[in-house]
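Listed in order, the protein sequences are those of chains A and B.
Start counting the first sequence at 1; every next residue gets the next number (my numbering).
Start counting the second sequence at 1; every next residue gets the next number (my numbering).
In short, the hints are calculated from the structure, not lab data.
Fair warning: there could be bad hints in the mix.
[What the hints assert, rightly or not] Using 25 Å as the maximum straight-line C-alpha spacing, the simulated SDA-like pairs for lysine to any residue come out as follows: (1) K60/B with Q73/B; (2) K72/B with R111/B; (3) K155/B with E194/A; (4) K134/A with Q159/B; (5) K134/A with Y22/B; (6) K72/B with D59/A; (7) K134/A with S161/B; (8) K67/A with E47/A; (9) K172/A with E47/A; (10) K172/A with R137/A; (11) K72/B with R171/A; (12) K172/A with K155/B.
Here's the letter readout for the chains.
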Amino acid sequence: MIDKISPSLDAAVAGIHDGATILIGGFGTAGMPSALIDALIAQGARELTIVNNNAGNGDTGLAALLKAGRVRKIICSFPRQADSHVFDALYRAGEIELELTPQGNLAERIRAAGAGIGGFFSPTGYGTALAEGKETRLIDGRHYVFESPIHADFALIKALRGDRWGNLVYRKTARNFGPVMAMAARCTIAQVSEVVGLGELDPETIVTPGIFVQRVVQQGA
Amino acid sequence: MQRLTRDQIAARVARDIPEGAYVNLGIGLPTMVAAHLPPERDIFLHSENGLLGMGPAPAKGEEDEDLINAGKQPVTLLAGGSYFHHADSFAMMRGGHLDICVLGAFQVSSRGDLANWHTGAPDAIPAVGGAMDLAIGAKRVFVMMEHQTRDGASKIVAQCSYPLTGVACVSRIYTDLAVLDVTPDGLAVREIVDDLSFEELERLTGVPLIHQPLAA
Chain A
1 MIDKISPSLD AAVAGIHDGA TILIGGFGTA GMPSALIDAL IAQGARELTI VNNNAGNGDT
61 GLAALLKAGR VRKIICSFPR QADSHVFDAL YRAGEIELEL TPQGNLAERI RAAGAGIGGF
121 FSPTGYGTAL AEGKETRLID GRHYVFESPI HADFALIKAL RGDRWGNLVY RKTARNFGPV
181 MAMAARCTIA QVSEVVGLGE LDPETIVTPG IFVQRVVQQG A
Chain B
1 MQRLTRDQIA ARVARDIPEG AYVNLGIGLP TMVAAHLPPE RDIFLHSENG LLGMGPAPAK
61 GEEDEDLINA GKQPVTLLAG GSYFHHADSF AMMRGGHLDI CVLGAFQVSS RGDLANWHTG
121 APDAIPAVGG AMDLAIGAKR VFVMMEHQTR DGASKIVAQC SYPLTGVACV SRIYTDLAVL
181 DVTPDGLAVR EIVDDLSFEE LERLTGVPLI HQPLAA
């Protein structure tokens, strides 16, 4: 019997190694898997490369992981926000590396990794500082920039419900990066508000099929 | 001259958004346009964090932290609205499915280059978000901004001095002084506020303009 449900948050983040690349879901705090991030902080992995849309809000969740000094590099689209003081201080002190990527390219680079695409030409960013040094191509009269896939060792995402086969549904705009991140990591770990029995999720509305998910854990476990 | 208020610029932009349009209103000034869209007109607002059919802000106490817009403010979903993931959301944009995108700007050049993501200050922490995707993603890109900086410098320029967001991507510019279209021949002035001559507008703008008002 296949059962992807982890008994605890600690068990869910077991095996995350130093130097790992981790996709972390969320747009701001919507969809951020804070329980998994807290478990990762307790687990202790260091020198991480983190991929997220932002670079932490306030002092909890991703910001707490940064504050704990576990992150070597962050790949994101929008680090600077009103409440990104943890990232701002690390960046100004030269203690974290930043790779800035336009948001749509970020999502597509993650999707490409999950879909087995070796990169793609995107019109976004052509002629800007963020395309400097990248290959460009003129296709049917339009300029494009080559963007590479973002593969990851782990993905930490948040969903509303999941079952023991790893099928997931999300809630409102908390879905954001969850489905593409689930595809792009060798091990995807989903924090869910509710674990449901097999067959309880309507197969017509499952957003992330279980093939993309290796571990599911109840939020308070 | 009668400079338009920000609300009046927003109302002017709203007049150009037809029924049935799929529209993204960028963060900042453009969000003011939503309040001026006539409720009887079906217009589909897109927010790049994954929703179509975005409604107004919820009543106090009804906020849902899982239902936010691109500016991370709480919003509502209209009947008929939908949620989707980030790659689909930007496919809507990059794939040319959005009709109109309204953006703020630091500068726009005569050929429609847009600078709105970074001042280029050496100590600034760069953040781009969806700005570059929005700039090249919609069928028409409207810029909504004050015509001049606080120091009186024109924000319409021969060449942007701030880092670019997109190249030759702007279709139309709405300011507190005028409405201008980016055309192959240069910037065509379609409307000017009361008590401002074309010559004076051109002087304040500092780049050559074409006087080509729209037929009323």
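Results for each hint:
1. For the suggested pair K60/B and Q73/B, the alpha carbons sit about 13 Å apart, so the restraint of at most 25 Å is met.
2. At most 25 Å may separate the alpha-carbon atoms for a hinted pair to count; K72/B and R111/B exceed this at roughly 32 Å.
3. With a C-alpha separation of about 52 Å, the suggested pair K155/B and E194/A falls outside the 25 Å cut-off, and the hint is violated.
4. Proposed proximity of K134/A and Q159/B is supported: the alpha carbons are some 23 Å apart, at most 25 Å.
5. Taking the CA atoms of K134/A and Y22/B, the gap is about 32 Å. The hint is violated against a cut of 25 Å.
6. With a C-alpha separation of about 17 Å, the suggested pair K72/B and D59/A falls inside the 25 Å cut-off, and the hint holds.
7. A C-alpha spacing of about 22 Å is found between K134/A and S161/B, which places the hinted pair at or below 25 Å, so the restraint holds.
8. Simply put, K67/A and E47/A have alpha-carbon atoms about 13 Å apart, close enough for the 25 Å limit, and the pair holds.
9. For a cut-off of 25 Å, the pair hint linking K172/A to E47/A is broken: about 33 Å separates their Cα positions.
10. A distance of roughly 37 Å separates the Cα atoms of K172/A and R137/A; the hinted pair therefore is violated under the 25 Å criterion.
11. Under the criterion of a C-alpha separation no larger than 25 Å, the hint pairing K72/B with R171/A is consistent with the structure, at around 16 Å.
12. Proposed proximity of K172/A and K155/B is contradicted: the alpha carbons are some 38 Å apart, above 25 Å.
Checked against the numbered hints above, the structure breaks hints 2, 3, 5, 9, 10, 12 and satisfies the rest.
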